[in-house]
Amino acid sequence: MFEILKRQEMAGGTVVLNEISAPAIARKAKPGQFVILKANETGERIPLTMADTDPKKGTITIIYQVVGKSTTLFKSLQVGERFQDVIGPLGQATHLEKLGTVVCVGGGTGVAVLHPITRGLKEIGNRVIAIIGARTKDLLILEDKMKAASNELHVCTDDGSYGHHGFVTDVLKEILEKEDVKMVVGIGPVPMMKFVCKVTEQYKVKTLVSLNAIMVDGTGMCGCCRVTIGGETRFACVDGPEFDGHKVDFDELSQRLNAYKEDEAVAMQQYACKCQAG
Amino acid sequence: MMAETTEKKEKVPRQPMPEQSAEVRRRNFEEVPRGYTAEMAMKEAERCLQCKNPACMNGCPVSIEIPAFIKHVKEGDFTKAVRKIWERNALPAVCGRVCPQEIQCEGLCILGKKGEPVAIGNLERFVADWERANGKGDLPPKAEPTGKRVAVVGSGPSGLTVAGDLILKGHDVTIFEAFHKPGGVLVYGIPEFRLPKEIVYSEVNFLERLGAKLQCNSVVGRTVSVDELFEEGFDAVYIGVGAGLPSFLNIPGENLIGIYSANEYLTRANLMKAYLFPEYDTPIVRGKDVAVLGAGNVAMDSARTAMRLGADRVRIVYRRSRDEMPARKAEIHHAEEEGIEFHLLTAPTRFIGDENGRVKAMECLKMELGEPDASGRRRPVPVEGSKFTLDCDLAVISVGAGANPLLTRSTEGLQLTKWGYIIADPETGKTTKKGVWAGGDIVTGQATVILAMGAGRMASDSIHKYLTWGW
Chain Z
1 MFEILKRQEM AGGTVVLNEI SAPAIARKAK PGQFVILKAN ETGERIPLTM ADTDPKKGTI
61 TIIYQVVGKS TTLFKSLQVG ERFQDVIGPL GQATHLEKLG TVVCVGGGTG VAVLHPITRG
121 LKEIGNRVIA IIGARTKDLL ILEDKMKAAS NELHVCTDDG SYGHHGFVTD VLKEILEKED
181 VKMVVGIGPV PMMKFVCKVT EQYKVKTLVS LNAIMVDGTG MCGCCRVTIG GETRFACVDG
241 PEFDGHKVDF DELSQRLNAY KEDEAVAMQQ YACKCQAG
Chain X
279 MMAETTEKKE KVPRQPMPEQ SAEVRRRNFE EVPRGYTAEM AMKEAERCLQ CKNPACMNGC
339 PVSIEIPAFI KHVKEGDFTK AVRKIWERNA LPAVCGRVCP QEIQCEGLCI LGKKGEPVAI
399 GNLERFVADW ERANGKGDLP PKAEPTGKRV AVVGSGPSGL TVAGDLILKG HDVTIFEAFH
459 KPGGVLVYGI PEFRLPKEIV YSEVNFLERL GAKLQCNSVV GRTVSVDELF EEGFDAVYIG
519 VGAGLPSFLN IPGENLIGIY SANEYLTRAN LMKAYLFPEY DTPIVRGKDV AVLGAGNVAM
579 DSARTAMRLG ADRVRIVYRR SRDEMPARKA EIHHAEEEGI EFHLLTAPTR FIGDENGRVK
639 AMECLKMELG EPDASGRRRP VPVEGSKFTL DCDLAVISVG AGANPLLTRS TEGLQLTKWG
699 YIIADPETGK TTKKGVWAGG DIVTGQATVI LAMGAGRMAS DSIHKYLTWG W
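Protein sequences appear in the order of chains Z and X. Mind the numbering: the first sequence is residues 1 to 278 in our numbering, read in order. Mind the numbering: the second sequence is residues 279 to 749 in our numbering, read in order.
Rather than coming from a laboratory, the hints here were simulated on the basis of the structure. Predicted, not measured: the structure shown is a model, and the values here were computed from it. Ideal Cβ positions, reconstructed from N, Cα and C, are used throughout, including at glycine. Mixed in with the good hints there might be a few duds.
In silico contact screen, one side only, chain Z against chain X (beta carbon under 8 Å); selected entries [unchecked claim]:
#1 D52
#2 E81
#3 D138
#4 R226
#5 G230
Dumping the calculated DSBU-like pairs for lysine-lysine here, alpha-carbon to alpha-carbon at most 35 Å [to be verified]:
#6 Z/K145 to Z/K206
#7 X/K644 to X/K607
#8 X/K491 to Z/K247
#9 Z/K28 to X/K447
#10 Z/K261 to X/K459
#11 X/K711 to Z/K247
#12 Z/K30 to X/K321
#13 X/K321 to X/K392
#14 Z/K261 to X/K638
#15 X/K491 to Z/K6
#16 Z/K6 to Z/K261
Residues of chain X placed beyond 10 Å of chain Z at every Cβ, according to the derived structure [to be verified]:
#17 N483
#18 D513
#19 H621
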């Protein structure tokens, strides 16, 4: 179990895709749900929202950005090797309903999480406008898949190296000006989600975001992933990961995501030394 | 004649348990008590009066034949002793360490009336440890296969008890565990220095050698539902998922960095071995000035863990007085020896953070005790104008746990109390759903390891009857 069947590097090796054998999870998983992965005995439990599932093949797909020791370790796993533990499906599935026109906004590896939701929204009859963005052209992922999953795709890069020059929020604003949008789904880095919500708030359009809080068990047991939603504490693992973006305290989420920054730097440094020595 | 015997026996004092000194152990994760030697165990066993009507057994939730096993210890036949315990308890190394013996078996020991009771817990622990180190890997006799399949949900103390009982009775048992390692609270909650993980794994391995199957990473309610277990061919399901929903204080600032629930703090430290970071990848905030809120056993575990992780100062902050502290006396004593301070009659009202969102202090009120409340304990009342600030760079909230709704919400036909606990017959563990039993903390609310095991024992008897005769 949990053997890696496919491995693909994207965005210049800063993002990695793994298709993993996990039949029990593949059978049950729905768009928006996540798994917790642990690479080996000494590894950390890392939550990642699934980018795709294939119940027939019994596989799930994850796409992650390589940022610290744990994801560097994930990246080192080759086809034929295994994750020691994969747990899921966890969290609430996205509530998919036919609303009319919906806009799906994705940034960075958030596009991977957004993809199955976009596809699901289109499949049940919505007109789906997708906007995806990255800092620069080379960091853009899943453009073709997002094109296939939506009725209309807009691409943005911060540096103008590809598509629209500017932020996803610029394009979002234009669309909200001229279209009757029923819902916006925004998934990406915390600052991006925060600004997407600021924009949609002006137009009073319901907005869903998916929160990547730090977790340990992922089943509501530890309370690590607590987030403030509309002034109340909720657990991202069992109440989420998706929430009404207009009620999320993004500043608190940012702070909590940075809780272990110094520890992570230490771990990464030691890991890098060991790799060089070996 | 009787009196004479008693007097003679009492000349042997209770054998003290050798321990690591407080100065040394407060900075390491090795087990605090070192265990008896064979000589000490035999000497202690001699103190047992071999009562005809042993009161000690009445205090044991799983009814171990205590005088019988102690007699074997006295005679130096440790193999027979462990086999005697196994008849009623598949987890003696765990129970010998974490049962509150002072209010159970030892609390009723006749020797305790005038002097000190027989050290039943220490003897149980000795026998189990001896078997692990010197035994031949013998297994207790097992009944013929019945062809019936039982799913045990949760591998904590109650689930392991049910699995142990039913596998011996010839049923085909599979244990489902949500975490990547088995043992439930025994591995994520109880620290290494009180219960080495290796001991839990060895007891789980004992069940596996008996034929029980173990499926980790399986979240029943998510990966597979209870109804799907029946569809897969299981004949009965036992739910022992514990009370895994952390309680918070619901005061401002509670989501600042450096404020953990005891569940998270202990899971990081124990199961994920954060004390070995960065050799292990899971980090943990190592506070210098630590406040633990609450005064139960879990609070003592959290405080002692913080000390071992390098704190300069660890304070238990509790809103009632010393007399109301729910922790075992022995645990409070161990904590005090290790330098944990007790800040009593104090209730936090707000956490204060620095510019990076990290906790730096708590605002508190002094309390005094008023009239008894519903729990029978005197109710803490704030002293007017007593507001003060207490510095801390790590706070662990250890004020209890509630029922985790993950499984119960996804299972139809299970009746719950208004607090979300499963309603089960107290005599049999039967729930309102056919073929489903439940026991331990998910039925009673947060309690002790041995009570969860006692519930497992009753349920396994009932499940066995159901599988054998259909009722």
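Tested hints:
{"no.": "1", "hint": "D52", "result": "violated, 18 Å"}
{"no.": "2", "hint": "E81", "result": "violated, 17 Å"}
{"no.": "3", "hint": "D138", "result": "violated, 29 Å"}
{"no.": "4", "hint": "R226", "result": "holds, 6 Å"}
{"no.": "5", "hint": "G230", "result": "violated, 14 Å"}
{"no.": "6", "hint": "Z/K145 to Z/K206", "result": "holds, 25 Å"}
{"no.": "7", "hint": "X/K644 to X/K607", "result": "holds, 24 Å"}
{"no.": "8", "hint": "X/K491 to Z/K247", "result": "violated, 45 Å"}
{"no.": "9", "hint": "Z/K28 to X/K447", "result": "holds, 34 Å"}
{"no.": "10", "hint": "Z/K261 to X/K459", "result": "holds, 27 Å"}
{"no.": "11", "hint": "X/K711 to Z/K247", "result": "violated, 39 Å"}
{"no.": "12", "hint": "Z/K30 to X/K321", "result": "violated, 62 Å"}
{"no.": "13", "hint": "X/K321 to X/K392", "result": "holds, 19 Å"}
{"no.": "14", "hint": "Z/K261 to X/K638", "result": "holds, 18 Å"}
{"no.": "15", "hint": "X/K491 to Z/K6", "result": "holds, 30 Å"}
{"no.": "16", "hint": "Z/K6 to Z/K261", "result": "holds, 31 Å"}
{"no.": "17", "hint": "N483", "result": "holds, 17 Å"}
{"no.": "18", "hint": "D513", "result": "holds, 21 Å"}
{"no.": "19", "hint": "H621", "result": "holds, 23 Å"}
Hints 1, 2, 3, 5, 8, 11 and 12, counting from the list given before, are not met by this structure.
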